[in-house]
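Participant: Sequence:
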Amino acid sequence: MKRKPIIKRIIALPTTVLALLITIPAIAQDAEQSANSNSNKPTMSTEDLLKRTPDGVTVLPDIAYREGNNAWKLDLAMSKEHSDAPRPAIVYIHGGGWKKGDKRGKGIGAVLDYAAKGYVCISVNYRLDVDKKACVEDVKCAVRWLRAHAEKYNVDPDRIGAAGNSSGGHLALMLAVCPASAGLEGDGPYQEHSSMVQSAHCSSTPIMPGFRGLRGKPADPDVQKIQPMTYVSGDVPPLYFIHGTEDTKAPVRFLDDFVKALREAGAKDITYKRYADGTGHGAYVKHIEEARPAREAFLARTLGK
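Numbering (this note's numbering), first residue to last: 292 to 596.
Hints in this document: simulated from the structure, not taken from any laboratory.
List time: in silico PhoX-like cross-link candidates among lysine-lysine, alpha-carbon distance up to 20 Å:
| hint | residue 1 | residue 2 |
| --- | --- | --- |
| 1 | 443 | 371 |
| 2 | 516 | 424 |
| 3 | 391 | 332 |
| 4 | 424 | 390 |
| 5 | 424 | 391 |
| 6 | 397 | 577 |
| 7 | 408 | 596 |
| 8 | 540 | 397 |
| 9 | 332 | 342 |
| 10 | 371 | 408 |
| 11 | 423 | 391 |
| 12 | 397 | 408 |
| 13 | 390 | 332 |
| 14 | 540 | 390 |
| 15 | 332 | 397 |
| 16 | 342 | 408 |
| 17 | 397 | 342 |
| 18 | 391 | 540 |
| 19 | 564 | 577 |
For each label pair, taking beta carbons as the anchor points, the in silico distance ranges come out as:
| hint | residue 1 | residue 2 | range |
| --- | --- | --- | --- |
| 20 | 439 | 569 | 44 to 50 Å |
| 21 | 480 | 335 | 23 to 29 Å |
| 22 | 567 | 442 | 44 to 50 Å |
| 23 | 548 | 375 | 44 to 50 Å |
| 24 | 561 | 422 | 29 to 35 Å |
| 25 | 569 | 422 | 32 to 38 Å |
| 26 | 544 | 595 | 32 to 38 Å |
Treat the numbers as computed from the prediction; the structure is a model and nothing was measured.
Even glycine gets a Cβ: it sits at the ideal position worked out from N, Cα and C.
Construct the entire structure; sequences and hints are all you get.
Facilitator: Dropping the structure here:
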């Protein structure tokens, strides 16, 4: 019996079978890409990070604070000097408009510097450009991880602060004001531990109603959940804001309204450094000679260093 050529036999297959043959590899590829998406391509290699690390500091790179995604990693830096007493900790969160950036960006120098001063510091990666709530859920999970491992790394779980710039400032602020009852803890581990911090330093922080970088609209319930204004209270921990009045990426009027609302609610420890000298986005860097020691003093005061 004469057989049909292979090409003709493939053409004769039912359409649904052909569709499956085409779709299954694509699905597998999509699944693989999803598992490795938002991997926060390192700005700096581990080798270069270790070369940059001061002699008195130990760096533990690429620790997974939960399993299942390349984005769920952090770098930990701490002093080599022995301390009998638990140390305060700082959670540093990179910026990048919730779309780009990684834990070894511009802020890594501050992480190493604060570790040399005696803090235990973690610089955190998180999922980028995905579900609106994912970035908040991830940084909250990182704080819970830190508390779960407080004894291992000699951290005082009651003296954890956060710091960040731009979108990182927004996430640092959320760690200070967003309670567990908000429904943003996600499905990550260590749920028995609190994800809130005792103070936050936030520079050029976006508090816009719609969060353009996360493709949101003010009326979207998920946007309301990640909007700091939702959590205005007189019970917020110490907060420090630095902002420029000419910031077009994070318009100052929204931060003005937020700070005013906090103070009217009875918040006692709110510092607002508002530069009206033409400063745009990146107020901390422009005024670093003043801003750096001010941040250091704020964190020392609020975390008891």
